[in-house]
Amino acid sequence: MVLLNRDPNSPIIWNGELPITNRYTYGLAGEKFFRTLKDEGRILGTHCPHCERTYVPAAIFCERCLAKLNDWVDVGTTGEVNTFTFLHVNLNGSSLEKPEIIAFVRFGDGGLIHRLGDTNPDQVEIGMMVQAVFKPPSKRIGSILDIDYFKPV
Amino acid sequence: MGMRKVAVIGAGMTKFVRRAQETPKELSWEAAHMALESCEMTMDDIEAVCLGTAPDAFDGVHLNGEYLSDGAGAWRKPYMRSYVGGGTGVFVPIQGWYHIASGLFDVVMVVAEEKMSSYYPHAQAAFLTIFDHTTERPLKPNLLWIFALEMNRYMTTYGISKADIAQVAVQHKRNAADHPCALLGDANITLDDILNSEVLAWPVQRFDVSPVSDGAVAVILAAEHIAKRITDKPVWIEGVGWHLDTAYWTNRDLAYPRYVEYAARMAYDMAGIKEPRKEINIAEPYDPFDYKALHHLEGLQLAERGKAPELYSDGTASRTGNMPVCPSGGLLGVGNPIAAAGLMKIAELFWQLRGEAGARQVPGQPRRGLAQAWGDLMQVGTVVIMGR
Amino acid sequence: MQERVAIVGVGCTGFRSITPEQSYKEMVYEAAMRAYTDAGVDPRRDVESFVTVAEDFHEGTSIFDEYTPDQIGGALKPVHTITGDGLHGIATAYMLIRTGQFDIVAIEGHSKASNIKTLSEVTAYAQDPVLNRPLKLNSHFIAGLEMNRYLFETGTSHEHCAAVVVKNRYNALNNPFAPYGADLTIEDVLSGSMLSWPLGKRETAEHSDGAILMVLASEDKASYLTDKPIWILGAGWNNDSAALENRDWAHAIYAEEAARMAYRQAGINNPLEAIDIAEVDDTYAYKELQALEALGFCREGEAGILTVEGFTSPDSGLPVNVSGGSLGMGNLLEANGLARAYEIVLQLRGEAGARQVEDVNIGLAQSWRGVPSSSGAVLILAN
Amino acid sequence: MTAKIKEFPGISLNEQDFVDGKILYNFDKLNGLYAWDTGVGIGSYLASLKNGVILGSHCNTCRKVVVPPRTICEWCFRPMDEFVPLKDTGIVNTFSLCYVTWDVKRIIDPEIPAVIDIDGASPMHGIMHMLGEVDPKEVKIGMRVQAVWKPAKKRQGSINDILYFKPIKEE
Chain A
1 MVLLNRDPNS
11 PIIWNGELPI
21 TNRYTYGLAG
31 EKFFRTLKDE
41 GRILGTHCPH
51 CERTYVPAAI
61 FCERCLAKLN
71 DWVDVGTTGE
81 VNTFTFLHVN
91 LNGSSLEKPE
101 IIAFVRFGDG
111 GLIHRLGDTN
121 PDQVEIGMMV
131 QAVFKPPSKR
141 IGSILDIDYF
151 KPV
Chain B
1001 MGMRKVAVIG
1011 AGMTKFVRRA
1021 QETPKELSWE
1031 AAHMALESCE
1041 MTMDDIEAVC
1051 LGTAPDAFDG
1061 VHLNGEYLSD
1071 GAGAWRKPYM
1081 RSYVGGGTGV
1091 FVPIQGWYHI
1101 ASGLFDVVMV
1111 VAEEKMSSYY
1121 PHAQAAFLTI
1131 FDHTTERPLK
1141 PNLLWIFALE
1151 MNRYMTTYGI
1161 SKADIAQVAV
1171 QHKRNAADHP
1181 CALLGDANIT
1191 LDDILNSEVL
1201 AWPVQRFDVS
1211 PVSDGAVAVI
1221 LAAEHIAKRI
1231 TDKPVWIEGV
1241 GWHLDTAYWT
1251 NRDLAYPRYV
1261 EYAARMAYDM
1271 AGIKEPRKEI
1281 NIAEPYDPFD
1291 YKALHHLEGL
1301 QLAERGKAPE
1311 LYSDGTASRT
1321 GNMPVCPSGG
1331 LLGVGNPIAA
1341 AGLMKIAELF
1351 WQLRGEAGAR
1361 QVPGQPRRGL
1371 AQAWGDLMQV
1381 GTVVIMGR
Chain C
2001 MQERVAIVGV
2011 GCTGFRSITP
2021 EQSYKEMVYE
2031 AAMRAYTDAG
2041 VDPRRDVESF
2051 VTVAEDFHEG
2061 TSIFDEYTPD
2071 QIGGALKPVH
2081 TITGDGLHGI
2091 ATAYMLIRTG
2101 QFDIVAIEGH
2111 SKASNIKTLS
2121 EVTAYAQDPV
2131 LNRPLKLNSH
2141 FIAGLEMNRY
2151 LFETGTSHEH
2161 CAAVVVKNRY
2171 NALNNPFAPY
2181 GADLTIEDVL
2191 SGSMLSWPLG
2201 KRETAEHSDG
2211 AILMVLASED
2221 KASYLTDKPI
2231 WILGAGWNND
2241 SAALENRDWA
2251 HAIYAEEAAR
2261 MAYRQAGINN
2271 PLEAIDIAEV
2281 DDTYAYKELQ
2291 ALEALGFCRE
2301 GEAGILTVEG
2311 FTSPDSGLPV
2321 NVSGGSLGMG
2331 NLLEANGLAR
2341 AYEIVLQLRG
2351 EAGARQVEDV
2361 NIGLAQSWRG
2371 VPSSSGAVLI
2381 LAN
Chain D
3001 MTAKIKEFPG
3011 ISLNEQDFVD
3021 GKILYNFDKL
3031 NGLYAWDTGV
3041 GIGSYLASLK
3051 NGVILGSHCN
3061 TCRKVVVPPR
3071 TICEWCFRPM
3081 DEFVPLKDTG
3091 IVNTFSLCYV
3101 TWDVKRIIDP
3111 EIPAVIDIDG
3121 ASPMHGIMHM
3131 LGEVDPKEVK
3141 IGMRVQAVWK
3151 PAKKRQGSIN
3161 DILYFKPIKE
3171 E
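Protein chains in written order, with our numbering: chain A, 1 to 153; chain B, 1001 to 1388; chain C, 2001 to 2383; chain D, 3001 to 3171.
Hints listed in this document are in silico derivations from the structure and should not be mistaken for laboratory results.
Possibly wrong hints are sitting among the right ones.
Said to hold, decoys possible - Calculated pairs, BS3-like style, for lysine-lysine (alpha carbon to alpha carbon, straight line, at most 25 angstroms): (1) Lys32(A) x Lys68(A); (2) Lys2136(C) x Lys38(A); (3) Lys3050(D) x Lys3087(D); (4) Lys3022(D) x Lys38(A); (5) Lys3087(D) x Lys3169(D); (6) Lys3022(D) x Lys68(A); (7) Lys3153(D) x Lys1140(B); (8) Lys3029(D) x Lys2117(C); (9) Lys135(A) x Lys3022(D); (10) Lys3029(D) x Lys1140(B).
No experiment lies behind these values; they were computed from the predicted model shown.
Please model the complete structure; the sequences and the hints are all you need to start from.
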């Protein structure tokens, strides 16, 4: 579509990057959710009385009606595997030596995405109950990784 | 068939702060929630949502529009995010306008959010990535360069002094002292404070620049039949305009923003405005740097080329003048969370035209106002004209 | 207000896994010239507004909208960018024309996926930075979770999903624009390596480079410009929960809601009866089945069976992804929906060559924004 | 409305709040690597820079010579007609004296970014680059400058093959 000829010595590509580095605050709900996870080993949700839904992890607003949520509830540390997958690739796309078991564990009307452990792939099924295995309190930093993994009950 | 009329019927905003604790979703929600409450509506009334946020680099999330959607109230609703760089804040109400003017929707929520502090350590460094990856980024340019280069060209072309320009920063920061959300309001700031501030990238000095900020703003737009039912003081969107110039910014004259002129002419045509200097009662031109307000007033045809400083020196631009400029306090005073800052100007006009701007209220029951934003590589103008 | 809007010109570069001979600007220009020639318009004189779809991190540039105007003829004109799929872009152009303020609007989308060296890491940066990203998981896990729950709730089998791959890649052999045509068996598909069980690598669309531009016009202008206008009967778009923790893993709610909106505009009550041909999202094979159910073409759990029975093959009950879909043409990032709509336009014009389906009057295009989004759009077109 | 509203939302933090552990936060860094195809226009531009030449392109319809070169004229939307080697001299269109680097580090001796209108290109057509070998106080808009190139062996086909532009001493 063009009339010009490319200089035969043209470099084909130009290499570069997007130098993006971020610091994320946990926010109004995240602050309390992760403090409680870290200090007390408890998982919190918030309840919207209007929409009759319990958000886990706790949110400060209801995504349906945008009401502010003040009603905090402890949802325990045991939940149901809603769905799971065996992930065979790394973050960078390379193959994992051993696939990881990743599950969505149902709590309230929400749940947590996490790894499953202390089990083998043949035993995992939708509907099984799993329990959060926490890191020792001294190793917790206020992160989703304060839960090491979930294991079958 | 004529064009459908669209009104602003509610508005909300967060404080503009240097570092917010809220996540970007939570900031969006706070503004959206407040906008809903301001007109006593619920999410059931909202038919679609438009979101504005500038680069994903700030919030630090790829597909940031998707990430922000729940905070903006987009759950199971038609939802789109638009962007035109720094012009986004005044573009996103235009996006809301065409949603309604198309006849597809009657009530639309418009949210703009920016959390610049998530880019760490320095939000300014994100601007490296707006330059051409092959021909410019290897020179390690920064944001200050483009403003400094444009400011110098503008000053030299028209013989404008630093003192002429510093009046803008003084007036806007003083105005912002009356804004409850402002980050840098200062009722006592003087011309010398501006002129003696640290030189960053000559001719740009520290106080010529608006602060990096976090914040969100939301407005609710409605079609005529809904607007009249909800409020007896709807503020109509009378005209909209936007133009994007070529990306080859080193191939055009930086002294005059013709893309702003084109955008303004588009909006004036739609609003039926023939003599903008007489018909615009309040102007909220985009002022991330003080000279930009002048540059834009000229592009908007509200001042002759090179003569905008006179509006400030003769008092026309003051809050009690004939055409108050940035009575909100602008980006220089209220803060500059990019997309949110532009939408703040729309919220300001909404409050001013309804006579609800409190200590910032412009006297004389203004009838019509204009908000404008600018962005990209000195390239885009977005204009909204609002009237009672 | 203008009620009726038509697509009056389309242009496409074709798709390849790499395009080292041209920059993204040169690639987009090629699509633009084809579209403007097809529509018989001069963009500098006739096109009144321009819409582009793009994402910063896919381009490697912040506020990428800066670089959009020159190669589409939009310099110093009303141009803006939507961070959506191409179908969101078409819906935007549709709205702009309906306001009555513009008569001719262009919409552009492209992919230079081959230029992103770390695409999977870029994609992972779309996950929630606090809740999900610390787990450091490849984003395909989201598709794995979704597929597993979809199979579980609907009784769809892995073979059903593989049948989608077989069909679409075979269809692609008839499409000169599609680089991934192949004659495979279900066993071939299932014997590939796993990505995120039950999702296999061969059920996932490879990426391609390419650009598409379309020209839309109001009714008056459309009838003046072309004798083959393709009318927009309906456009719908929608978002489900952004948070992974709040969404329905088995169902494509965004597609259901978007379809509801589009069908309402088009006055369609029975989609299977009304629609003659469909191009739907198949960036993962199971997505095609999930979409067909969400779009109301069949009941839950039936899409896989219909696929195996050949109901969605060309010249059958409802031809789906005759173009080859994303499995055959490649995943085009923001341009996926434009590729779906492009095929529908060709089919409705009777210009689809070897793969032309007979007697088509109404077609549907559907798209999804990819993991981790829950955002999609639907477009209904008629000749 | 703002007059009626007393409380606006938004919680402001100090940098010290992070240091003191008063709030929770985490970090992340994008591994975003790209290999952008240079194409006909920019590929040829880079190849020319390696040979010590600034390349432009010419549009017969608009009768313009632009730089950097592109294959399409954005004003008439026709293909550009030919590449044109330009001089490596030009005029300072505008400049700044910048005391801050791109990642916000203070520096004592300013960087001097400028737009330089290149000789041989149409008026007001230039490129962004740096000025050097000049007293910052002496820099003026309208000043004539010339490119200072890296030694031929060290050039890589990059805009950085020009080290900077320096003033042309008037004889």
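Output the indices of the hints that this structure fails to meet, ascending. none
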